Every structure is written in structure tokens, then in C-alpha cells.
Amino acid sequence: MPRRQFHLLLILLATTTISLAYAQEEASMEQLAADAYFPAPVSSFEINAGFRWTREPMTDTQSYTRIAYKGAMVREEGTPFKFAKGLDLAAPVLPKAAGDRNKWFVRYEDGHGALGGSLFEAEGLEPINLRGLERFDLRGVGYVGGDTERRITQFAVGLESKPLRLPFLRDRGYSNWLVIGVNGQRREMTDQQSGDDNLGVVTLRTFLGKGVGWRKSASVAQTAAKLETLLLEQAPTLEKAQTLVEEMKASGASARPTKLQALLIDMVSESTEASWTGDLKAMAQGTADAITDQVTLALYAEISGWSTVLGDARGSRTKGLASLSADYWLLPSRDDVFLRLRYEYGYERALPDTKLNQFTASISMRF
Amino acid sequence: MGNDIRSIRRRNRAELLKALHDETGGWGGDAAEARVKNYCKDPEGAATMEFAYVGALTLRRFYIDPDKPNGVEQAGLWKNIQQRLSKDGANPGGWDGGTNVSQLQIMAEEAA
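Protein chains in written order, with the working numbering: chain A, 1 to 367; chain B, 1 to 112.
Isolated chain B, as found in the complex (with noise of 0.2 Å):
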């Protein structure tokens, strides 16, 4: 397991996936669901193309409703993923299910 940063990248990536299944039983939708799962079993492995298809994928795919995630349910989210990579960060806002996957990561490991 590599400590450069991609490899942490890739890591936290894959934390983040798992946070969203974690809160939404789901894994991006039918086009997706075979991608994502196989970039967490091997992020450092995965090819650059599927970092970045996993990272493009927005929260509503994961959350189905258009109005989700709601207040509540960001807040789960936000707890879950920085338990995952072991922070203990503010959440900054202005996100939503519009958002995607590499946004939010990075919001969480740049979060204070």
C-alpha cells in the first residue's frame, strides 16, 4: 500500500464510495454499480480512466430522490466519510446531490 499521494488519493476515494453505499445501500445506479465496486476492491490498481468515472459520478445517483440527500442526510454523510479517512472536519456546505464524488472528497480532506 503506497503513502504517495495518489495512492492516498485513490485510497480516499474508494473511503468515499463506501461512506455513500454505507448511507444509501446504493452503488451509483445499474450503468455504474459494476465500476464502482471494482475500483474499491483495488483502487491503486484501477485504471486512470475509472478514478476518474467514479469521481465524476454525482450523489444523486447514489440517493435516487432529486431532493436528497436533505439536510440530515448530508450531515450523515459528511460524519461517515470523515470517520473513513479519520478526520474530524467542519463541513463547509454548499453541496448537494448535484455535487460528485471528487468534489466532495476533496472538500473533506481539505476540511479543517
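The following block holds chain A by itself, in its conformation from the complex (with noise of 0.2 Å):
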């Protein structure tokens, strides 16, 4: 299919979706609540199309896609939170999918008319113990990238420190984290004679972040009294809710539980037969809470960077790329659609030899 026409084919659908979202809007807040509940949205895959304003190297406004997978389930066969359709307190765990993807985040991007191509990049992690550095909590790090257009494959693998906090941030609500790593990288260029080297590569990554303007996306007492009702359809005593739960460690779904799974296993090891009706109540209400709290703003910003210690860097030893994002929740009851806003500036770490300086605004869709 011609890209221009994929682009439209997406763009299409991203604007079918966000209307069912909105005359879903119709139904009542509980309802729609406790549906997000069973089963939640998995995010397994993600379409996100928006516009891109480039200023460097061109300057240019253009659209673009990118499609991700995440997760163990990369054949599309859903995951266990997927598959939950409904009150399936004793469904058994999905199949394995083939290829493990597990500790894996996979990226395709199209329309990166300013870069010149298609972009691929991977990154895995492993627990590593060091004798004698274990206080230091050291992780492996693994990492594969490239630039499909360019013919530029790069191969990487490392240590990194645990995450450290940004001290002038401590015990105020931020989500922040930097992450310093010494990584050996081979380069290679998979069209050209030379280029190709061994490179020594200290790494950083940081992020700071807050959601803002909370609020509750349904009465918490009515989403409350819904999800009691349907968990005493299915489990009106302890000895029924014992029952289930068996069934589910003998069917393997507790490996991989819904959260419906892990509502009824949480209230088995907290409830005693006297006291179920009470504790089932308590527990609704808990969760209720919970799912119906709603941020209507996160504005974050991270910095990925790197410097070339050793080796040719083919230019500066240090690069980087910064952004800053702000994602909207424009609707009042739904969290898997959101307008999001965003400020690149740098390098990317799979496209080194090209400098982004470009804001882009998207609709953010997830499966």
C-alpha cells in the first residue's frame, strides 16, 4: 500500500475510534468505569498519528506514524488482561506466544521525510551480579540500533547503575530518576567500506514527570456497589471464592492474572467466612476509589544521552536528545485516548548523524 494512502488508512481509523470513544461518553460513568476494569486496556499495541513541524534539518510540516508492540504478545493474541472479557474469575492463562519479547520494546516509525528513512531500535535488560559489586546493584544492558535508510547498525552491550534520585526533588510528589551506564558499542556500516569501529560509550538517562489536576472519572460509590455486585454473582462466600481461586492456580491463570483474578486472590488471603460479606464491601470500595481517579495532565521531560570515550565518534564525543511532552486526557471517563504535545531536541541514539529540533502534536490510541 502507497504511504500516503497508509497514512490516511490510519488517520481514518484513529478519528473512527476517538468518535465510538465520545458516543461511549453517553453511557454512565460507572458503567464505563467497571468496563474499564474488565477487562482494563492492555496496551499491547499503540497507533500513534499526529503532524510533525521540523526546524532542523528542514524546515517542513509533515505527517507520520508509529506503531509499537509491547509486551510478551507480539503476535497480536492478546494478553491475559486482553483476553479477560468479562467475569472470567477462572479463565486459564493464555498460551505462550512464540518469540520472547518479554523484556523487549520494539518501535517501527514511518514518515521521518526529515531523516531520510526508517528508524529500528531495541533495548533489553538482565539482572547481573558482580562478586564483589553487588552493593552497587549493577544491571546489564543490551541494545540494538539503526537506521534501515541509511544502512547504519549499531550493537551495544553494558552495565547500568539503579536508578539514583534527583536530590533536589526528593519528597516532592516528581517522578524522577537518572540512570548512568558504561556501554561497548560496535558500529556497523552495512553499506560502506569504512566507518565501521569499536567505541567505548558512557550513557545517562533521566526523567522527571508529574500527572496533574486529578479527578474522579465516576462516583466512586456507585462504581463501588457495581463491582461488589458482580463479584458476590460469582463468589457469594469464601468457600465459592476458595473454589475459584484453586481453579485458577490449577489452570495456570494465576501466573498472569486478570485483575478481576487478582481482586478475588487478594480478598481470599484477606477475608475470613464470618467476615466476607464486610471485607468484599471494603475491598470494592478500595478499588473503586482507585480506578476512578483520573489525571487530566502529565507533563514530563527526559534526556537520553551519551558520550564516546573511546573510539571515533564521527563528530561531538557527546550527544544527546531531550524532550518534553505534555500529554491531555480530553475525555472525562476515558484514559486510552489522549492528545499529547511534544519537544525533541538532539540526537537519537539510532540516528546519530542527525539532529531533530522539532515539535510534534499526536492522537494517542491504545489496544
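Don't read these hints as lab results, they were simulated from the structure.
If you're wondering where the values come from, they're calculated on a predicted model, not measured in any experiment.
Hints are supplied without guarantee of correctness; some may be wrong.
Claimed, not checked - Taking lysine to any residue pairs in the SDA-like style, the calculated list, with each CA pair at most 20 Å apart, reads:
(1) A/Lys-281 to A/Gln-234
(2) A/Lys-162 to B/Gln-83
(3) A/Lys-210 to B/Lys-18
(4) A/Lys-355 to A/Gly-320
(5) A/Lys-249 to B/Asn-91
(6) B/Lys-18 to A/Leu-208
(7) A/Lys-281 to A/Ser-271
(8) A/Lys-210 to B/His-21
Stated by the list, open to error - Which residues of chain A face chain B? A few of them, derived with a C-beta cut under 8 Å, are:
(9) Pro-163
(10) Phe-168
(11) Lys-210
(12) Pro-257
(13) Asp-266
(14) Ser-269
(15) Ala-282
(16) Gln-285
(17) Gly-286
(18) Thr-287
(19) Arg-317
(20) Arg-342
(21) Tyr-343
No residue lacks a Cβ here, since even glycine has one placed at the ideal position from N, Cα and C.
Grab the two chains, each in its own frame, and use the hints to assemble them into the complex.
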């Protein structure tokens, strides 16, 4: 399919999804809150479509798309969370999808006209214990990145620190972390005779963010009453609940439980036969209180950079990408559709020769 | 400190919330911060409603960016939780920012 038609198809899909989301707003807030819980959105598949305004290397406006798979199920077979179509308390766990993607995030971008091609990037992390260095709690990292158009591929392995706190933000309610690492990196110029090299790289990634405008997306009391009714239908007594939990364990469902299955397991460990109904009411109340919390705006900044300390950096030895983002949840009771504004400046690790200076506006949908 | 299943699971939940704080510096957002901190101070004495409330918080509330936790951040969180629970279980995968604390706790407790 030609690229322009593909983009138009995605924009049409985005418009349709948002229209459906608005249509569902007519349903009661409590029903929506309960529906959002059974099942919860999974985010294993994501479409992000929007416009990009670039300042460098050329002034241009263009549409772009980004498709990302996250989690274990790259074959679109769903996950135990996504699979939950209602009150499936004893539903078995799904068979593990082929292809071990558990520790990987993979993305593909198109419409990178200013960058001249498509980009591929993946990274992973494994716990690692080095004798004598246990107290530093180091983590092993792997990285693969490249530009399919310019035929540059980079592989790296190394060590990272555990997340450190930004000292001036301690106990101020901000999410924040700083991670420092060292990598051995191999650069392959697959279409050229020269340019291949082995590099020593120091990396840094830092994040600062906060959600603001917390509000209730539905009535806590009515949502709790709905949860309570739904649970009592399935597990009117502790004995019945214990039977369901045993079935879950026998089927393997408890290895990756749905939200409802998790709630039932919690209730069985928490309650007694005599207090079952009262505990169930309290559990439903606490759960409803949490799931009706809805943030309006998320503001966050992220910097990821690297410094080439060994080898030919082909330009500046220190580079990085800084981004400022604002996500706005425009619908009163849905958290799977949001508007994103983002400014990016610097270099992506997969594209170290191309400077970004751009603003993007997009609508994101999660399935 | 009790050794019954209720006490152990409540303490495990507190450890998971502390692991999330270790990794992100967050406490689940302004709407949840005081309740999460209070729960962590006394998990065994907390009301049942509070046990349920902190369990229903999604990871996204700690990571802020809807695209997080990415693969690296997930692996870091999993390692932290396993260390805190004195376990060495394999990450079963299939979880992300939409997963809640209770689900992740059960996965961590069941992981072999």
C-alpha cells in the first residue's frame, strides 16, 4: 500500500476510534469505570498518528505514524488482561506467544521524511551480579539500533546503575530518576567500506514528570456497588471464592491474572468466612476509589545522552536527546485516548548523525 | 509481625510499592501519595479498603509517561521486586503500565 494511503487509513482509524469513544461517553460513568476494569486496556498495541513540524535539518510539516508493540504478545494474540471479556474468574492463562519479547520494546516509525528513512531500535536489560560489586546493584543492558535507510546498525552491551534520585526533588511528589551506564558498542556501516568501529560509551538517562489535575471519572460509591454486585454473583461465600482461586491456580491463570482474578486472590487472603461480605464491600470500595482516579494532564521531561570515550565518534563525542511532553486526557472518563504535544531536541542514539529540532502533536490510542 | 498469609501478602504489597518508589521516585500521584505512604508505614495494620486501594493503582501512575515502563524499566522493576521478596523468579511478561499493583504482586509471588 502506498505510504500516503497508509497514513490516510491510520488517520481514518484514529477518527473512527475517537468518535466511538465519544459515543460511549453517553453511557453512565459508573458503567464505563466498571467496563474499563473488566477488562483493563492492555497497551500491547499502539497507534500514534499526528503532525510534525521540523526546524532542522529542513523546515517542513508532515504527517507521521508510529506503531509499537509492547509486552509479550507480538503476534496479537492478546494477553491475559486483554483476553478478559467479563467475569472470567477461572479463565485459564493464555498459551505463551511464540517469540520471547518479554524484555524488549520494539518500535517502527515511518514518515521520518526529514530523517531520510525508517528507524529501528530495541533495548533490553538483565539483572547481573558481579562479585564484589553487589552493593552497586548493577544491571546488564543490551542495545540494538539502526537506520534502515542509511544502513547504520549499532549493537551495545554494558552495565547500568540502579535509578538514582534527583536530590533537589526528594519528597516533592515528582517521579524522577537518573541512570548512568557504560557500554561497549559496535557500529556497522552496512553499505560502506569504512566507518565500522568499536566504541566505548558512557550513557545517561534521566526523567522528571508529574501528573496534575487529578479528578474522579465516576462516582466512587456507585462504581463500588457495581463491583460488589458483580463479585457477589461469582463468589457469594469465601468457600466459593477459594474454589475459584484453586481453579485459577490449577489452570495457571494465577501466573498472569486479570485484574478481577487478582482482586479475588486478594480477597481470599484478606478475609474470613464470617467477615466475607463486609470485607468484600471494603475491597470494592478501595478498588473503586483507585480506578476512578483520573489525571488530566501529565507533564514530563526526559534526557538520554551518551559520550563516546573510546573510538571514532564521527563528530561530537557527547550527544543526546532532550524531550518535553504534555499529555492531555481530553475525555472525562476514558484513559486510552489522549492528545500529546512534544518537543524534541538533539540526537537519537539510533540516528547519531541527524539532529532533531521538532515539535509534534498527535493523538494516541491504546488497545 | 504475623506469619499468616494475610500478613505476608500485606507486607509483600508494601515491598512492591517501595520497589516502585525506588524505580520512579513516585508514590502514585498526588491523589494517592499520602495513602500509599501510610500503607507502607504499617501494612499489617492498614484497613482492608486501603489494602485494596493501593493494590488497584496502575504502574502508569508511578511512571507518568503512558509509554512507560519500557522493556528496560520493566526489567529493572522486576529485579527490584524479586530482591525485596527474596526470590529469583523469571519475569512472565505480558504486563505494562496498565497493570496494577495487585496483579504484579501475584505475578511476583507466583514466579518460579
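These are the hints, each one checked on the structure:
Under the criterion of a C-alpha separation no larger than 20 Å, the hint pairing A/Lys-281 with A/Gln-234 is consistent with the structure, at around 14 Å. As the CA atoms of A/Lys-162 and B/Gln-83 are separated by approximately 13 Å, the hinted pair is consistent with the 20 Å bound. A distance of roughly 18 Å separates the Cα atoms of A/Lys-210 and B/Lys-18; the hinted pair therefore holds under the 20 Å criterion. Of the pairs offered as hints, the one joining A/Lys-355 and A/Gly-320 holds, with about 10 Å between alpha carbons and a cut-off of 20 Å not exceeded.
Between A/Lys-249 and B/Asn-91 the alpha-carbon distance is near 18 Å, which keeps this suggested pair within the 20 Å criterion. Taking the CA atoms of B/Lys-18 and A/Leu-208, the gap is about 18 Å. The hint holds against a cut of 20 Å. Note on A/Lys-281 and A/Ser-271: the hinted pairing holds, with a Cα-Cα distance of about 11 Å set against a maximum of 20 Å. For a cut-off of 20 Å, the pair hint linking A/Lys-210 to B/His-21 stands: about 14 Å separates their Cα positions.
For A/Pro-163, the suggested interface contact is upheld, since its CB lies about 5 Å from the closest CB of chain B, less than 8 Å. Among the interface hints, the one on A/Phe-168 is violated; its C-beta lies about 12 Å from the nearest C-beta in chain B, farther than the 8 Å criterion. Taking 8 Å as the C-beta contact cut-off toward chain B, the hint placing A/Lys-210 at the interface holds, the least distance being around 7 Å. With a cut of 8 Å, the hint placing A/Pro-257 at the interface with chain B holds, because the nearest CB-to-CB distance is about 5 Å.
For A/Asp-266, the suggested interface contact is upheld, since its CB lies about 6 Å from the closest CB of chain B, less than 8 Å. For A/Ser-269, the interface hint holds, since its Cβ comes within 8 Å of a Cβ in chain B; the closest pair sits about 5 Å apart. Interface restraint check for A/Ala-282: the shortest CB-CB distance to chain B comes to about 4 Å, inside 8 Å, so the restraint holds. Given the 8 Å rule on beta carbons, the hint for A/Gln-285 holds: about 5 Å separates it from the nearest Cβ of chain B.
With its C-beta approaching chain B no nearer than about 3 Å, A/Gly-286 sits inside the 8 Å limit, and its interface hint holds. A least Cβ separation of about 4 Å between A/Thr-287 and chain B falls short of the 8 Å threshold, and the interface hint therefore holds. Proximity of A/Arg-317 to chain B is violated relative to the hint, the smallest CB-CB distance being about 24 Å (cut-off 8 Å). Because the beta carbon of A/Arg-342 sits about 10 Å from the nearest beta carbon in chain B, more than 8 Å, this interface hint is broken.
Violation of the interface hint for A/Tyr-343 is found here, the shortest Cβ-Cβ separation to chain B being roughly 15 Å, above the 8 Å cut-off.
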